[in-house]
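Engineer: Those protein sequences? They're chains A and Y, same order as listed.
If you count by the numbering used here, then the first sequence holds residues 75 to 149, one letter each, in order.
If you count by the numbering used here, then the second sequence holds residues 4 to 288, one letter each, in order.
Just so you know, these hints were derived from the structure itself, not from any lab.
Where hints are given, some of them may not hold.
Taking beta-carbon pairs under 7 Å as the criterion, some of the chain A residues facing chain Y (in silico) [stated by the list, open to error]: (1) PRO135; (2) LEU145; (3) GLY146.
Derived contacts from chain Y toward chain A, CB cut-off under 8 Å, selection only [unchecked claim]: (4) LYS112; (5) VAL132; (6) SER185; (7) ARG187; (8) LYS189.
Just so it is clear, CB atoms sit at the ideal spot from N, CA and C, and this is done for glycine as well.
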Amino acid sequence: MEQNKLMIAGVIIAVLVIAGLAGYFFLGTDDASDNAKIAAGSNAQEPNEIAEPTQDDISEPEFDDSDIDDLGSVI
Amino acid sequence: MKKLFAITILALFVVSFIPSGFAQEDTCRTADDLAKHRLDVRKHFAELRTERHRLGMDVVISYASEQGLDASGLTTIRDNFVSKATDIKNSQTNEEFETIAVELKNLAKDFRETAVGLISDTSAVRTKVQTEISNKESDLNKLRTGALDSEKDLRLKRFDAHLCRADIFLSKLEAREIDTASAREKYNAISEKREQASEAFDKAVVACDYVLKGCEAVEKKEYDAIVDSIKSEFRDLKTKTGEIITDKKRELKETAVKKVEERKVAIRKALDEKDKVAEEPNGTE
Chain A
75 MEQNKLMIAG VIIAVLVIAG LAGYFFLGTD DASDNAKIAA GSNAQEPNEI AEPTQDDISE
135 PEFDDSDIDD LGSVI
Chain Y
4 MKKLFAITIL ALFVVSFIPS GFAQEDTCRT ADDLAKHRLD VRKHFAELRT ERHRLGMDVV
64 ISYASEQGLD ASGLTTIRDN FVSKATDIKN SQTNEEFETI AVELKNLAKD FRETAVGLIS
124 DTSAVRTKVQ TEISNKESDL NKLRTGALDS EKDLRLKRFD AHLCRADIFL SKLEAREIDT
184 ASAREKYNAI SEKREQASEA FDKAVVACDY VLKGCEAVEK KEYDAIVDSI KSEFRDLKTK
244 TGEIITDKKR ELKETAVKKV EERKVAIRKA LDEKDKVAEE PNGTE
């Protein structure tokens with residue numbers, strides 16, 4: 075009896091894991107999709123098209139300071 | 004039987020983690036990742052600046068009290084300042100961060116104006132403030148190092164993300180058998196500047212006493228020059244890639260026109276031959 079319960083639980087978990095894996099491979103994840111969008115740039119191309127490079131494809135990185143403005147002297 | 008199920012389930016769990024490990028290798032860091040990282044770096048700098056300022060405020064309040072002056076106004080402003088300094092550390096968005104940063108700046112100004120109105124010998128207090136900051140150098144230095152390290156990390160990640168996107172774009176062209184040799188040369192030149200920029204950043208951090216913003220040291224200027232050259236190289240890479248694509252388009256157009264002309268000639272030839280056959284006397288029966 076106990077063995078049957080364990081088997082049913084095992085089968086359910088195995089099905090869930092396989093479904094998860096299938097979903098990952100066939101549907102992709104949001105992160106993967108976002109990364110692909112950025113990597114492809116705004117003008118993602120069809121196989122036989124040649125699009126002009128845009129700012130999204132190749133652009134210069136920004137190296138601006140993350141620092142906040144100076145607060146000035148205390149007194 | 005039990006063992007078999009346990010092993011199967013365990014194996015499936017392990018396998019399920021494999022794809023996520025590989026997934027990150029082929030993609031570039033996203034703009035969202037970088038924006039989130041930048042907010043963290045900004046918080047580091049805010050902590051450094053507010054903590055340094057708070058130390059100075061405490062010295063001014065103590066001095067005013069020692070002189071028998073009413074420091075309650077200064078204390079209230081200092082408490083508000085400390086409270087806002089905590090808020091900025093917990094800010095969730097850039098907008099929230101910026102709003103609190105303005106409030107902190109206004110509180111710092113209120114404190115300064117109140118202190119100047121209250122204390123006649125400001126130079127004596129300034130010296131005490133400097134002494135206190137020197138005494139707390141070690142604690143402040145930890146915050147400074149943390150902020151500058153995370154700033155460097157962010158800058159290198161930005162560099163890597165842009166280079167990664169350029170690489171993917173060039174690979175797409177190469178997959179279509181487009182010659183990208185000149186662009187690849189430029190790409191390689193940019194990637195070699197990563198180490199150079201990293202080293203120059205470290206030298207600037209050593210040369211500048213406090214933060215890099217507003218630092219006039221030669222090493223900081225040298226770092227800025229490398230940054231400018233990297234930006235310029237990226238612009239050149241963009242131009243170069245544009246030229247490659249324009250040339251390829253022209254080539255494809257010329258090939259297409261040539262094919263049409265050849266087809267025209269072939270059709271004309273076929274028609275001429277057909278006319279010739281039609282003009283010849285009817286069959287040799």
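Engineer: It remains to establish, for every hint, whether it holds in the given structure.
Structural biologist: Going through the hints against the structure:
1. Interface restraint check for A:PRO135: the shortest CB-CB distance to chain Y comes to about 4 Å, inside 7 Å, so the restraint holds.
2. Taking 7 Å as the C-beta cut-off, the interface hint given for A:LEU145 holds, the closest approach to chain Y being about 4 Å.
3. Evaluation of the A:GLY146 hint against chain Y yields a held restraint, the C-beta minimum of about 6 Å falling below 7 Å.
4. The closest approach between the C-beta of Y:LYS112 and any C-beta of chain A is roughly 7 Å, which is under the 8 Å cut-off, so the hint is satisfied.
5. With 8 Å as the threshold, the beta carbon of Y:VAL132 comes within range of chain A, its nearest partner Cβ sitting at about 5 Å, so the hint holds.
6. Hint on Y:SER185 is violated. Least Cβ distance to chain A is approximately 14 Å, over the 8 Å limit.
7. Taking 8 Å as the C-beta contact cut-off toward chain A, the hint placing Y:ARG187 at the interface is violated, the least distance being around 13 Å.
8. Restraint check, Y:LYS189 versus chain A: the minimum CB separation of about 10 Å is more than 8 Å; hint violated.
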